[in-house]
Amino acid sequence: MMDIIQNIDWSPLWISLKTGFVATVIAFFTGILAARLVMKLGNKAKWIADGFLTLPLVLPPTVAGFLLLLLFSLRRPFGKFLMVNFDIKIVQTWPGCVIAAAVIAFPLMYRNARAAFEQVDINMIYAGRTLGLSESRIFWKIVMPLAAPGIASGTVLAFARALGEYGATSMLAGNILGKTRTISVAIASETAAGNYDVAGFWVAVIVTVSFLIVVAINMTSQRGMGRVKRWK
Amino acid sequence: MALEVDIKKAFPGFTLDVSFQADKGCMGILGASGCGKSMTLKCIAGIEKPDEGRIVLNGRVLFDSKKRIDLKPQKRNVGYLFQNYALFPNMTVEENIGIGMKLKKEEKKPLTAKQLELFQLQGLEKRYPYELSGGQQQRVALARILSCNPDIIMLDEPFSALDGYLKDTLQLQMQEVLAGYGKDVLFVSHSRDEIFKFCDKMCLISQGKSMQVGDTKEIFSKPGTMEAAKLTGCKNLSAIEKISDYELFAKDWNFRMKTAEKIGDDIRYVGVRGHWLIPSWTDQEENTMAIKEAGYTETPFEKQYLFVNALGEGNSRIWWMINKKDFIDQDGGGLPPYMIFPKEHIMLLR
Numbered sequence: 001m002m003d004i005i006q007n008i009d010w011s012p013l014w015i016s017l018k019t020g021f022v023a024t025v026i027a028f029f030t031g032i033l034a035a036r037l038v039m040k041l042g043n044k045a046k047w048i049a050d051g052f053l054t055l056p057l058v059l060p061p062t063v064a065g066f067l068l069l070l071l072f073s074l075r076r077p078f079g080k081f082l083m084v085n086f087d088i089k090i091v092q093t094w095p096g097c098v099i100a101a102a103v104i105a106f107p108l109m110y111r112n113a114r115a116a117f118e119q120v121d122i123n124m125i126y127a128g129r130t131l132g133l134s135e136s137r138i139f140w141k142i143v144m145p146l147a148a149p150g151i152a153s154g155t156v157l158a159f160a161r162a163l164g165e166y167g168a169t170s171m172l173a174g175n176i177l178g179k180t181r182t183i184s185v186a187i188a189s190e191t192a193a194g195n196y197d198v199a200g201f202w203v204a205v206i207v208t209v210s211f212l213i214v215v216a217i218n219m220t221s222q223r224g225m226g227r228v229k230r231w232k
Numbered sequence: 001m002a003l004e005v006d007i008k009k010a011f012p013g014f015t016l017d018v019s020f021q022a023d024k025g026c027m028g029i030l031g032a033s034g035c036g037k038s039m040t041l042k043c044i045a046g047i048e049k050p051d052e053g054r055i056v057l058n059g060r061v062l063f064d065s066k067k068r069i070d071l072k073p074q075k076r077n078v079g080y081l082f083q084n085y086a087l088f089p090n091m092t093v094e095e096n097i098g099i100g101m102k103l104k105k106e107e108k109k110p111l112t113a114k115q116l117e118l119f120q121l122q123g124l125e126k127r128y129p130y131e132l133s134g135g136q137q138q139r140v141a142l143a144r145i146l147s148c149n150p151d152i153i154m155l156d157e158p159f160s161a162l163d164g165y166l167k168d169t170l171q172l173q174m175q176e177v178l179a180g181y182g183k184d185v186l187f188v189s190h191s192r193d194e195i196f197k198f199c200d201k202m203c204l205i206s207q208g209k210s211m212q213v214g215d216t217k218e219i220f221s222k223p224g225t226m227e228a229a230k231l232t233g234c235k236n237l238s239a240i241e242k243i244s245d246y247e248l249f250a251k252d253w254n255f256r257m258k259t260a261e262k263i264g265d266d267i268r269y270v271g272v273r274g275h276w277l278i279p280s281w282t283d284q285e286e287n288t289m290a291i292k293e294a295g296y297t298e299t300p301f302e303k304q305y306l307f308v309n310a311l312g313e314g315n316s317r318i319w320w321m322i323n324k325k326d327f328i329d330q331d332g333g334g335l336p337p338y339m340i341f342p343k344e345h346i347m348l349l350r
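Same order as they appear, the protein sequences are chains A and B.
Taking my numbering, the leading residue of the first sequence gets 1, the next gets one more, and so forth.
Taking my numbering, the leading residue of the second sequence gets 1, the next gets one more, and so forth.
One chain only, chain A, in its complex shape (with noise of 0.2 Å):
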């Protein structure tokens, strides 16, 4: 065991967490927008909006890999123009391991956070604007910290969502060591090529951190709760 942990390459456990954190703010930022964009809709556009943002949570992340693949890959016009005009690259790199797992991340922001702004009680909307307060002054001020429980717990979960992102990763942006090597990669290679042990340990170390997201989770959203009586 001391064996495995001198030896190991510490890489995939940084590269998952700068990528979950960097998927993260993308999929906060634009869950947000998204969800505020969404509630603006009539009802029938509303359905099919929400049908395509929340595909990404219920399809297999492959599929998603595939579409990503085809939608960035050099040989396709959109990959082709970054790639001429701006000099980006995605396939194969770490930038297309953040787009993936943002991604994938993205439909539970924006559904946690639609949630949370939709219990916002409408008065409380109302009153802020008969009392004179601009729209993004209601915003910022009465909707975001009433929601803010929800927004937390979305944001946890796209967190630990984006950590373990494995399928539309791998084929996005492959599984090179140092680069893209994931945790959740680095277990399936490791598996792969029959080192048992070493991916073990990641897996020890992904359900570690999992579990700490759940709880921290848990205390987010019970919070302000104390004092109501629930159902048991």
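It cannot be assumed that every hint is accurate.
[Said to hold, decoys possible] In the DSSO-like style, the derived pairs of lysine-lysine whose C-alpha atoms are separated by at most 30 Å in a straight line are:
hint, chain 1, residue 1, chain 2, residue 2
1, B, Lys8, A, Lys44
2, B, Lys49, A, Lys40
3, B, Lys105, A, Lys141
4, B, Lys258, B, Lys242
[What the hints assert, rightly or not] With the Cβ distance kept under 7 Å, some of the chain B side facing chain A (calculated, not the full set):
hint, residue
5, Ala45
6, Ala86
7, Phe88
Hints in this document: simulated from the structure, not taken from any laboratory.
Fair warning: this is a prediction, and the values are worked out from it, not measured in the lab.
Ideal Cβ placement from N, Cα and C applies to all residues, glycine included.
Following the hints, put chain B in place on chain A, whose structure we already have.
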């Protein structure tokens, strides 16, 4: 003219069609639950948009569908006291009161302190709304509205969330505060007592339509229409046949009665408030009905009898209300054998 409202808004199965003018002072809007009172306030505040019409406040056009004017709620300067007060739960009392002031933080302090004192909220500055009683929450909400210095204050069922004991005290307090501010007030309620207490002028709304606008006391004493009589709390109503200019036959009561007022040709109903009926132990000449008891309830200070005309079958029941301290139980039988319908309290209704 303080406030002019003339708006229409269609909903599936319901149309709001309200038109009234409010002068200085307190204007009441009375109507049953779900008749469109709150929707009217929301249209004035700019929270809801009417399909067509015009809203003018102190000469300032807030909404005009023809001229395509539709000011944002932020620009209307209208104070709105929501039914559930809508205090921001994430802010303290102090922050709630200060949020609408367009001032720097240091400048807000003395003004907030003044409001706290005026509304007897000292010591509660740092509390959150859920730590306050219903009455305190209402005062905070009112303080918050008044600190924006609105052109008009709109109260949406301000006392419906409070229990009876608090209600009377708070009503008095609010009357004093509002009088002190000298603001125009629009007071929405389904309670005729509240409207009668607070408002010199009133507007009746029934099923989305404004029925009648005028002096409160006058509308209560001469409602004019059946709906208005019902809304102002008249329980005894009957369809009529006109016999002569000063005599009619109340069909539902099988009863001929004389009136003090001339009966117009458009009069279809008659109404008399239960409190105005006079018990009698002898048959009088005019408007006296021989009666049979048909039900009884009581409130702490009032007896409420239901009776029917003893003559004939299938007559509808009539309410008689009397203060317990005025009640005379002459022969131990509760209800007297006769009831007089005083001429001057008979309401002729369209």
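Status of the hints after comparison with the structure:
As the CA atoms of lysine 8(B) and lysine 44(A) are separated by approximately 27 Å, the hinted pair is consistent with the 30 Å bound. Simply put, lysine 49(B) and lysine 40(A) have alpha-carbon atoms about 16 Å apart, close enough for the 30 Å limit, and the pair holds. For the given pair, lysine 105(B) sits about 15 Å from lysine 141(A) by alpha-carbon distance, which is consistent with the 30 Å threshold. The hinted pair formed by lysine 258(B) and lysine 242(B) meets the criterion: a straight-line CA distance of about 10 Å does not exceed 30 Å.
This hint holds: alanine 45(B) has a C-beta 5 Å from the nearest C-beta of chain A, less than the 7 Å allowed. For alanine 86(B), the interface hint holds, since its Cβ comes within 7 Å of a Cβ in chain A; the closest pair sits about 4 Å apart. With a least beta-carbon distance of about 6 Å to chain A, the hint placing phenylalanine 88(B) at the interface is held under the 7 Å criterion.
The structure is consistent with each of the numbered hints, conforming to all of them.
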